[in-house]
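Protein chains: 2
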Amino acid sequence: MGVVSLLGMVVQVQVPATSAGISGDGGTICLWMAIAVGVLALVAAWMLARHVLCCESGTPEMQSISNAIREGAEAFLRRQYRTIGVIAVILAILLFVGYHMSARTAPFAMKTVISFLVGAVCSGLAGYTGMYVSIRANIRTASAARGSLNKALQIALRGGAVTGLVVVALSLVGVGVLFLLFGGLENPQSVPYELVGFGFGASLVALFAQLGGGIYTKAADVGADLVGKVEAGIPEDDPRNPAVIADLVGDNVGDCAGRGADIFESTAAENVGAMILGAALYPVFGVKGILFPLIILAINLIASIAGVYVVKTNETEDPMRALNRGFYLTSVLALIGFAVAVYTMLDGPMVKPLWLLGCGVVGLITSFLFVWITEYYTESRYRPVQSIAAASLTGPATNIISGLAVGMETPALPVIAISAALLLSYYFGVQGLSGVAGITDYAKGIYGTALATMGMLSCAAYILAMDTFGPITDNAGGIIEMSNQPESIRERTDKLDSAGNTTKALTKGYAIGSASLAAFLLFSAYLEEIKVIVADKVHLAGGYMPPGWSFTNINLAQVPVFVGALLGAMLTYLFSSMAIKAVGRTAQMIVKDVRDQFKENPGIMAGTSKPDYGRCVHIVTGAALKEMVMPGLLVVCMPVAVGLIFRHFSASYQATSEIYAPGTILPVPAIAGIPVNLAGAESVAGLLMVGTIAGILLAMLMNNGGGAWDNAKKFIETGQYGGKKSEAHKASVVGDTVGDPFKDTAGPSLHVLIKLLATITLVLAPLFV
Amino acid sequence: MGVVSLLGMVVQVQVPATSAGISGDGGTICLWMAIAVGVLALVAAWMLARHVLCCESGTPEMQSISNAIREGAEAFLRRQYRTIGVIAVILAILLFVGYHMSARTAPFAMKTVISFLVGAVCSGLAGYTGMYVSIRANIRTASAARGSLNKALQIALRGGAVTGLVVVALSLVGVGVLFLLFGGLENPQSVPYELVGFGFGASLVALFAQLGGGIYTKAADVGADLVGKVEAGIPEDDPRNPAVIADLVGDNVGDCAGRGADIFESTAAENVGAMILGAALYPVFGVKGILFPLIILAINLIASIAGVYVVKTNETEDPMRALNRGFYLTSVLALIGFAVAVYTMLDGPMVKPLWLLGCGVVGLITSFLFVWITEYYTESRYRPVQSIAAASLTGPATNIISGLAVGMETPALPVIAISAALLLSYYFGVQGLSGVAGITDYAKGIYGTALATMGMLSCAAYILAMDTFGPITDNAGGIIEMSNQPESIRERTDKLDSAGNTTKALTKGYAIGSASLAAFLLFSAYLEEIKVIVADKVHLAGGYMPPGWSFTNINLAQVPVFVGALLGAMLTYLFSSMAIKAVGRTAQMIVKDVRDQFKENPGIMAGTSKPDYGRCVHIVTGAALKEMVMPGLLVVCMPVAVGLIFRHFSASYQATSEIYAPGTILPVPAIAGIPVNLAGAESVAGLLMVGTIAGILLAMLMNNGGGAWDNAKKFIETGQYGGKKSEAHKASVVGDTVGDPFKDTAGPSLHVLIKLLATITLVLAPLFV
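From first to last, the protein sequence lines are chains A and E. The numbering of the first sequence is full-length UniProt numbering, which starts it at 1 and goes up by one. The numbering of the second sequence is full-length UniProt numbering, which starts it at 1 and goes up by one.
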């Protein structure tokens with residue numbers, strides 16, 4: 001509890017410090033404070049990890065299982081990071097060369113490449129640390145479950161909290177330190193643009209981590225089920241199945257490391273995007289408007305630590321209720337912190353901070369709405385899951401049809417929620433800054449949507465702790481199952497496992513919600529950046545910028561933009577198809593290996609000799625890493641190709657001169673006589689925006705459809721419609737298997753794809769003009 | 001053959017007539033000629049129908065089956081048209097009232113309502129006539145199959161050609177006569193706007209026809225299969241199955257009447273849209289540029305009649321080859337006609353007609369590409385279908401996963417083809433008119449894309465004949481099967497049926513391709529119309545329009561436009577979900593009724609007494625009609641709601657004044673001091689454009705995924721992977737059943753949805769400003 005009081009002191013300190021900052025140069029204090037909180041949070045994470053690691057680690061039998069999981073996961077991560085490292089270094093070189101060929105200066109190029117590499121390393125570090133603890137927390141949770149439910153719950157959540165804190169703190173410290181080193185306090189308006197590399201590095205690692213981990217986890221799961229449950233007729237997590245360890249490893253590398261990198265990039269990208277938008281409002285808020293997102297992350301960390309520490313339960317309570325109590329406390333603290341930050345940092349003459357606080361509230365409410373909507377679509381209490389279960393009575397075909405119909409229905413409510421959040425926060429932003437002169441209403445409104453995104457992400461660390469809780473309890477259950485512990489202990493871990501399944505589904509809803517809201521923020525940052533680049537070019541050529549000119553025109557009625565939009569939407573489909581096929585191919589390799597093992601060593605099925613778990617782990621590791629490369633490169637290359645190809649189109653398509661027909665006219669392609677060609681930048685924007693919309697919908701379909709199928713199966717297993725072993729159950733198993741690559745590979749990878757599109761366009765913007 | 005030579009004469013006459021028209025007023029001649037060809041095509045269709053109906057109509061047993069199908073289909077269509085009629089009349093009244101509340105004058109409102117009703121009636125008439133012939137051609141095809149394959153093929157194709165000709169000719173005559181009656185020859189620039197109602201009427205009927213028919217056909221199919229093949233273990237088309245007639249009726253009302261209405265609306269909407277764009281080029285081409293699309297339709301009719309008449313085969317040839325010969329002839333004739341039309345009608349000083357012909361060629365090539373890509377994804381010779389078949393070996397789950405992965409891959413190549421077609425035809429349009437002054441490059445390029453769309457649709461009548469060939473041969477096969485004809489005859493109808501399945505899949509690819517290309521044309525027409533409405537308002541208020549002002553700015557970076565885009569994409573998902581669920585619910589009703597019939601009358605299964613086919617037909621009719629209303633109304637209401645709500649947003653969002661920041665500036669919201677609020681019109685455009693993109697991709701996924709599942713099953717039935725009754729076959733049946741509502745209900749309905757969105761926004765544009 002020492003950490004809490006320590007951090008509590010920081011909260012105490014923070015308020016006067018930032019208040020003092022109003023008069024004059026509060027930026028330095030804000031920045032140092034944010035970095036300090038980030039470092040303290042890392043210390044807190046270290047203490048939490050030590051606390052977890054000091055717990056008792058079970059019987060030797062349990063330990064041997066846990067060790068096998070740990071070795072598999074660490075081997076995968078090592079090889080994965082090596083592959084990603086190679087790709088990242090190649091991209092860094094290409095980036096450096098590309099920047100030199102555009103109008104960017106050498107120091108700018110160097111800074112972008114440095115922040116790209118730092119972002120990539122931090123993202124990898126966050127994923128690795130989180131997993132390091134999770135794969136050790138699993139056995140301790142299992143062991144604690146032999147004592148009490150409360151103890152097990154706390155270990156699992158605190159193990160998860162290490163991931164949550166490390167992810168958010170590294171994002172905060174990384175951006176903060178780079179800002180400081182790049183001289184952000186002296187040039188606050190230009191340095192945020194040098195940080196976009198950080199977001200891109202984070203996204204790149206996240207994409208491959210989520211994609212590789214997602215392919216791994218589902219290939220192992222599907223393969224193990226196909227050959228174990230279906231062919232050999234042995235139950236799930238049976239130690240005779242050679243693929244069972246690979247399956248448990250998959251939970252860690254997919255859900256833990258994957259989602260950790262996903263949320264890391266969310267906070268990183270949102271951070272950098274919001275700082276760019278803050279730079280546009282520099283005349284109003286000064287440097288504090290730019291540093292505001294960092295302070296919100298700091299508050300996030302403090303609130304989440306408090307939330308984790310209050311979670312406590314007893315033997316009879318549903319663990320979900322205990323987890324929710326922590327979530328509510330975190331939300332309330334985050335809200336209070338947000339209010340304090342708004343009133344101390346975003347105050348000023350003519351600013352109405354209550355409206356700005358309103359933006360944050362909109363974001364927070366949106367996160368609750370997303371969680372509730374996800375619950376509605378994926379929990380067996382409600383109509384959607386029950387309709388799938390009922391449809392299983394007439395066989396697998398109707399189960400699938402009904403699940404797809406539910407999946408396609410799911411985007412409706414979230415889209416309405418996002419729409420309302422965007423419109424409201426835009427309106428609040430305009431109102432809050434209505435008295436401020438010299439800033440367009442558009443910039444004010446967009447800053448409002450940025451505040452809403454920060455509000456939505458203001459509980460990220462706690463949410464991530466709940467998410468990582470999932471694979472830890474899942475693994476704990478597996479260890480208990482495989483080491484033949486008594487039924488009463490198994491009941492406890494089942495309870496935790498079921499709560500973990502719920503938290504995994506909810507955080508996926510949360511992740512896609514925050515990605516949707518952040519998307520608009522990142523578009524706007526992209527438009528701001530293009531404007532700055534154009535201004536640079538014009539100044540370089542000795543021209544002048546027309547006052548108030550801004551690049552905010554992504555006109556879908558232009559053919560190149562429309563084609564970009566078509567290609568962006570298509571990209572999400574093609575990527576998902578490739579990801580799903582990769583799972584299928586990898587699963588086939590497992591099926592083959594397990595069949596071989598059964599054939600080579602008949603003692604396995606008899607229970608007299610142990611299967612070679614490591615061989616399966618090795619095979620799936622190699623296959624998943626190979627399979628992640630193509631879809632990943634597709635996402636990286638497509639926007640670059642579109643931008644570079646379409647930048648040559650202007651002459652023939654006259655996009656920028658003719659589309660805004662004479663008289664209406666954007667002073668482009670000739671800004672004050674300097675020719676500027678925006679066709680490339682505009683078509684990439686079309687790709688980005690419509691690709692994002694298509695990706696959000698497809699991800700929702702897959703996540704929620706997959707979750708609904710899973711829970712329809714579990715609902716039948718509770719005894720409905722004939723219960724286990726009935727025909728309806730068989731049908732529901734088909735649906736669950738179909739849903740697996742949807743909800744754990746393609747869906748989550750699409751979140752990352754959306755943000756990678758945004759960060760890659762931000763980074764490469766100079767090449768498109 | 002009399003018809004061909006008669007129409008051949010018309011072609012002879014046409015060239016000098018239009019050539020004469022270059023100097024001075026060629027419009028009158030063009031218009032009358034187009035109408036005359038349309039009327040002659042109707043006569044030709046009547047002769048074809050008489051020819052088909054005079055053929056021998058089989059044994060009394062066959063007749064009794066055919067009569068049952070006919071009665072069921074006619075009863076459904078009667079009730080369906082009654083329902084659609086009520087909806088159409090209500091909408092006509094609302095439209096009239098709405099127009100009066102906007103700035104539109106009473107005569108304009110009246111003309112729009114009249115063209116709406118005419119469009120709706122023509123669309124219904126086209127669907128009805130086509131089906132009238134098909135449900136009579138089926139038995140004659142079956143009967144002829146007892147003689148020779150060639151005879152059967154010709155009857156089926158000519159029966160299908162009646163639909164093709166009637167659909168295209170009614171579209172031509174309807175638009176032509178309305179243009180004439182509304183004084184188009186006197187006011188050629190304004191009358192096209194009064195015809196948008198025609199397109200909307202056609203779309204509205206098409207949506208309900210396709211949706212209701214699609215629900216009917218797949219509910220009957222899935223229901224009959226579930227309860228017959230799966231539960232009772234009797235083969236497909238077994239006369240003991242009480243739902244078997246409903247299944248055969250479904251082929252007619254879904255594929256025939258549904259797709260007929262779909263293509264009718266494609267040609268109608270494309271016609272009207274292209275005339276509006278032609279009006280924008282009035283200074284270049286005069287009235288002939290406006291009438292050009294009608295002449296292309298006339299050529300389409302002539303070429304298609306010739307194509308139908310050359311189709312001939314022998315006993316050993318694959319019928320598909322014979323059908324393709326006809327298609328190639330039609331294409332060549334259409335291309336020649338297109339060239340003649342371009343050189344005679346679109347010639348003028350400074351015009352380079354070769355480039356404009358190039359646009360048409362681009363369209364024609366695109367239609368071939370779409371057909372080939374569809375073939376690749378849905379035929380068992382190629383990788384995609386084979387991968388699904390192979391995945392069936394490991395059970396239904398992997399079959400489904402693999403089918404969905406194929407489905408998600410399918411949009412990639414078509415999207416690239418559309419993108420290339422748009423960019424090329426835009427470029428060709430700009431080049432072809434580069435010497436013309438006073439017209440923006442944008443208008444020139446867009447006219448190029450319109451020409452490409454006309455090129456793509458220039459074989460529509462023949463394509464539709466091939467499409468309707470599908471249900472006729474399917475029904476013929478069913479009649480042969482049910483009336484216990486010898487194996488040799490069954491082989492002939494199986495050959496035809498297999499060709500019919502291919503043509504159905506290809507035409508779906510063609511329909512979505514033409515919808516994609518036409519979509520861009522219709523957006524542009526919408527933008528043109530908004531411009532005219534704004535000009536009207538400004539003139540009415542005594543203001544003046546800035547020279548060259550045009551409304552071509554659908555800026556996705558604006559929050560209301562982005563929200564419109566999100567909602568548009570979401571609409572396609574929600575609509576598909578509703579359509580699929582409707583199939584599921586209706587199929588359940590059939591399952592229940594068939595079970596009841598088996599229970600009430602044990603003699604059915606024993607073969608001693610006949611089931612009550614009519615009861616199933618009656619039940620599915622009522623259910624399908626009920627189920628089609630909600631999704632249909634959703635599509636109609638959503639754009640209206642978005643437009644009407646967002647038109648109130650401008651004040652707070654400052655969309656139109658601030659987004660185009662100071663200095664850049666569109667002279668809106670105040671055009672010359674007159675306030676004009678475009679937020680509603682712009683957000684609807686966002687909804688329309690991104691809804692279209694999302695709809696195209698989803699439709700491709702569903703059509704091609706469904707087709708691939710179907711053919712994977714058929715591939716296994718040829719003996720691969722264990723053949724019929726193997727586990728792989730069972731798995732592939734699951735995939736086929738899942739694909740059914742995809743490819744025959746939701747997918748085709750999405751084509752219509754896309755075009756309905758376009759026409760409804762065209763019609764309601766005055767309400768959004």
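Do not take every clue at face value.
Copies of one chain are not kept apart here, so a pair can be met inside one copy or by any two copies together.
What the hints assert, rightly or not - In silico SDA-like links for lysine to any residue, alpha-carbon gap of 20 Å or less:
#1 K229 x K730
#2 K730 x E231
#3 K229 x E727
#4 K725 x E231
#5 K724 x S148
#6 K312 x P349
#7 K531 x T316
#8 K730 x L393
#9 K725 x E317
#10 K352 x E487
#11 K531 x P239
#12 K229 x M630
#13 K599 x L354
#14 K730 x R146
Keep in mind that the hints were calculated from the coordinates and are not lab data.
How the hints compare with the structure:
Both within a single protomer and between protomers do K229 and K730 lie at most 20 Å apart by alpha-carbon distance, with minima of 11 Å and 19 Å respectively. For the homomeric pair K730 and E231, the shortest alpha-carbon distances inside one copy (13 Å) and between copies (16 Å) are both at most 20 Å. Proximity of K229 and E727 under a CA criterion of 20 Å is satisfied in both settings, with 15 Å inside one chain copy and 17 Å between copies. Taking the closest pair of Cα atoms, K725 and E231 come within 20 Å of each other both inside a single copy (15 Å) and across two copies (19 Å).
In this homomeric assembly, K724 and S148 never come within 20 Å of each other (Cα to Cα): the closest approach is 29 Å inside a single copy and 55 Å across copies. Taking CA atoms no more than 20 Å apart as the test, K312 paired with P349 passes in neither setting, with 46 Å inside one copy and 85 Å between copies. Taking the closest pair of Cα atoms, K531 and T316 never come within 20 Å of each other, the shortest separation being 59 Å inside a single copy and 67 Å across copies. Taking the shortest alpha-carbon separations for K730 and L393, both the intra-copy value of 10 Å and the inter-copy value of 17 Å come in at or below 20 Å.
Taking the shortest Cα distances, K725 and E317 never come within 20 Å of each other, neither inside one copy (30 Å) nor across copies (51 Å). For the identical chains of this complex, K352 and E487 are neighbours neither inside a copy (60 Å) nor across copies (85 Å), given an alpha-carbon limit of 20 Å. Taking identical chains as interchangeable, the C-alpha atoms of K531 and P239 are never at most 20 Å apart, the minima being 60 Å within one chain and 71 Å between chains. In the homo-oligomer, the alpha carbons of K229 and M630 never lie at most 20 Å apart, since the shortest distance is 31 Å inside one protomer and 42 Å across protomers.
In the homo-oligomer, the alpha carbons of K599 and L354 never lie at most 20 Å apart, since the shortest distance is 70 Å inside one protomer and 70 Å across protomers. In this assembly of identical chains, the alpha carbons of K730 and R146 never lie at most 20 Å apart, being 33 Å within a copy and 45 Å across copies at closest.
Of the numbered hints listed earlier, those contradicted by the structure are 5, 6, 7, 9, 10, 11, 12, 13, 14.
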